[in-house]
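Chemist: One letter stands for each residue in the lines below.
2 protein chains.
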Amino acid sequence: MSSSFIQASIITIGDELLIGQVVDTNSAWMAQALNKAGIAVKRRVAVGDVWEEIWKVLDQETAVADIVLITGGLGPTADDITKPLLCEYFGGKLVRDEGATQNVINIFTRLKRPMIERNLKQGEVPDVCTVIPNRRGTAPGMWFEQADTIFVSMPGVPHEMKGMMETDVIPRLSSRFALPHIVHRTLLTVGVGESFLAEMIQDFETALPPAIKLAYLPNYGMVRLRLSATGFDEQALTQEIDGQFAALQTLVKDYMVTNRDEPIEQVVANLLKARGQTMATAESCTGGYMAHLITAMPGSSAFYTGSVVAYANAVKMNLLQVGENTLASDGAVSEATVRQMATGALAALGTDYAVAVSGIMGPDGGSAEKPVGLVWIAAASRSATVVQQMHFRFDRQRNIQLTAAAAFNLLRQLIIGG
Amino acid sequence: MSSSFIQASIITIGDELLIGQVVDTNSAWMAQALNKAGIAVKRRVAVGDVWEEIWKVLDQETAVADIVLITGGLGPTADDITKPLLCEYFGGKLVRDEGATQNVINIFTRLKRPMIERNLKQGEVPDVCTVIPNRRGTAPGMWFEQADTIFVSMPGVPHEMKGMMETDVIPRLSSRFALPHIVHRTLLTVGVGESFLAEMIQDFETALPPAIKLAYLPNYGMVRLRLSATGFDEQALTQEIDGQFAALQTLVKDYMVTNRDEPIEQVVANLLKARGQTMATAESCTGGYMAHLITAMPGSSAFYTGSVVAYANAVKMNLLQVGENTLASDGAVSEATVRQMATGALAALGTDYAVAVSGIMGPDGGSAEKPVGLVWIAAASRSATVVQQMHFRFDRQRNIQLTAAAAFNLLRQLIIGG
Chain A
8 MSSSFIQASI ITIGDELLIG QVVDTNSAWM AQALNKAGIA VKRRVAVGDV WEEIWKVLDQ
68 ETAVADIVLI TGGLGPTADD ITKPLLCEYF GGKLVRDEGA TQNVINIFTR LKRPMIERNL
128 KQGEVPDVCT VIPNRRGTAP GMWFEQADTI FVSMPGVPHE MKGMMETDVI PRLSSRFALP
188 HIVHRTLLTV GVGESFLAEM IQDFETALPP AIKLAYLPNY GMVRLRLSAT GFDEQALTQE
248 IDGQFAALQT LVKDYMVTNR DEPIEQVVAN LLKARGQTMA TAESCTGGYM AHLITAMPGS
308 SAFYTGSVVA YANAVKMNLL QVGENTLASD GAVSEATVRQ MATGALAALG TDYAVAVSGI
368 MGPDGGSAEK PVGLVWIAAA SRSATVVQQM HFRFDRQRNI QLTAAAAFNL LRQLIIGG
Chain B
8 MSSSFIQASI ITIGDELLIG QVVDTNSAWM AQALNKAGIA VKRRVAVGDV WEEIWKVLDQ
68 ETAVADIVLI TGGLGPTADD ITKPLLCEYF GGKLVRDEGA TQNVINIFTR LKRPMIERNL
128 KQGEVPDVCT VIPNRRGTAP GMWFEQADTI FVSMPGVPHE MKGMMETDVI PRLSSRFALP
188 HIVHRTLLTV GVGESFLAEM IQDFETALPP AIKLAYLPNY GMVRLRLSAT GFDEQALTQE
248 IDGQFAALQT LVKDYMVTNR DEPIEQVVAN LLKARGQTMA TAESCTGGYM AHLITAMPGS
308 SAFYTGSVVA YANAVKMNLL QVGENTLASD GAVSEATVRQ MATGALAALG TDYAVAVSGI
368 MGPDGGSAEK PVGLVWIAAA SRSATVVQQM HFRFDRQRNI QLTAAAAFNL LRQLIIGG
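Protein chains in written order, with our numbering: chain A, 8 to 425; chain B, 8 to 425.
Bound-form chain A, shown alone (with noise of 0.2 Å):
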């Protein structure tokens, strides 16, 4: 990317975030924003609830970035330092801001909750900023400008930060630069190695005009291949990548699931949507994960009526019909009961569809027979059930998120095949 772009830089801070307590998600999620709008992320950097360290890490920033977004220790307690170090490193002092004094106390108030001079004390500001109203919570961000570099600084929670970007930051950075498009276009492929794509396209890869650029995501089993490609000229742009982009698909048609940038359970929930058509699952091993991927989507409730996390043998029994003596003769972890869980969905929970997991996760619960990482997964409709039997080799944690994408996939087969 042309160093003539405008650039940005991410900050975290937070002790917690380096000694693991926490994931930051922030970052990710500041990225997309910016990115989105024309700015690329040159650097992301987390450092401790250090005065020192974060002092350092303003000034390498400033050196490299044309703006730096700041995230957490604006916190009302004594281990939250951001805001006196900024009022020191920018040359103020610290004031009372009237408006966010007064979101302070209106929320305080709506709530009901007695307030104490600590709290009142989030309305103080740096004078030499300006103050970004935030509209979810009682910390106030901060825009500094200091030589070329914009700073502004955000609380670390994340709905607060992620109002205050919507709402104000983002349309301020938009009309302060002249900001280019940055523009991907993002494929899925279910299938294939990382390694055998790479050699399906690697002369496409080498003709790529230098403005577009390659990337390989493998995850969860599948790997997404994008383009990205950055410009002042819209029209010119898109017109290049997507000619790239159909060129792509053509190569890779075989293993194509999606050319969106969207996982497994979007594309099953688009192909439901389309047809009209609902579906349920029946989990084992997954435990919910699967409900839950689906119906963290808004308005999934459209093809989507239900699960039955059947983790106790008892419940596959008296929820989805799997018989005593199958459970018995070939135990929880079976094609023959993954089959039976299935088509009981379909009954009990009254879809078109229905996709039925059962496995062993680890860390405990194998057997030298049924290994942990063993699992079979069931698919059904009114008039057919397939079945797959997968070996993971994962940790817990992995094992089920493989499962749900195996499962979600071998489900589309059937709604794209029946």
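Just so you know, not all the hints are guaranteed correct.
Claimed, not checked - Once the Cα atoms are required to be at most 27 Å apart in a straight line, the calculated DSS-like pairs of lysine-lysine come out as:
1) B:K128 - B:K169
2) B:K260 - B:K220
3) B:K63 - B:K100
4) A:K128 - B:K220
5) B:K260 - A:K119
6) B:K377 - A:K169
7) B:K119 - A:K260
Derived from the structure by calculation, the hints contain no laboratory data.
Add chain B to chain A, keeping to what the hints say.
Modeler: Relative to chain A, chain B alone:
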């Protein structure tokens, strides 16, 4: 933290981190593992697949850290530039490593996949590094030393990185340095704001010895308090932090839910396991997320039989015996419905306790009477049912998380009260 302690920097490489396409979970995991071993993490930096950016960040972190851990950019495709870069950075040349090459061959043989030249190249490493074997994938890890700094490059695939860290990197670092002990004590509070907690323990915090640090970690409407201490005399350190932790627990005892670093669902799990009792869930608006949180814990089958994810009203009626009249008169999001869901789940899933939720998570589905964020929660035992109404004002994802946490807490109260 004194600078005489060993300090690490974590560098994650990949354009996908800078456009926000993936959330970086590796850094948090690595930070936790380092911390446990007595190595403090000073900074975490994410950079793109850009030669000069990676080079610059290596220079920068070398200047401040004793150990630099690097993940990402080691795949078999053209956008992976980390290996040639490290080779040049440390002045080596790429040579075939027999062990790493054999590992690639073994994996392809085991998976019965054809191998191409590109895959074999993964067996090549700079001749100036020590190879860290990858028991879970094809890309070898690489250990470099220059001046007083140790560099370890690992693949970005979380499962592979974790294997290397556990089996090789942490043990090697531990035997190399005289590492201090880093001790944390964490408790979880419910029902009290961060500012009030801070007020409540102000004197305690002021009187803390310099070696002990207090942090406030608000999450899901709850606040965790964490004490951290670092030192070489383990016994003295443990004694001092445990003394302070006991004092802290006394101060916040009215709000404390657990004195361990564990989420609320683990607190419920521990209670049930200790009592030999069982639970089930009946989920409308959380859509399987509660079931997922429970079954993500290994061994949850000891106390958890399953969930009915009743997204559609028909499922509420058929599987949970919610009355058609109740749904018609009170609606799905109501005290009456959620009570029947909880008692219905007790019967259908055969447990000692059940917890049920029904609400409107947004962005759509709200009305003037029942706005987005309205949630009803019920917890039931064989002899009692308790209900709670909540109002959340966040986005869909966070509303789901807050609902789950609140529901687990209501169940916890029922269990300890009953």
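Chemist: Now, for every hint given, state plainly whether the structure supports it.
Modeler: Each hint, compared with the structure:
1. B:K128 - B:K169: Given pair K128 of chain B, K169 of chain B holds - Cα atoms ~23 Å apart, limit 27 Å.
2. B:K260 - B:K220: Holds, at roughly 20 Å.
3. B:K63 - B:K100: holds (21 Å)
4. A:K128 - B:K220: Roughly 22 Å between the alpha carbons, so the hint for K128 of chain A and K220 of chain B holds.
5. B:K260 - A:K119: holds (23 Å)
6. B:K377 - A:K169: holds (25 Å)
7. B:K119 - A:K260: holds (23 Å)
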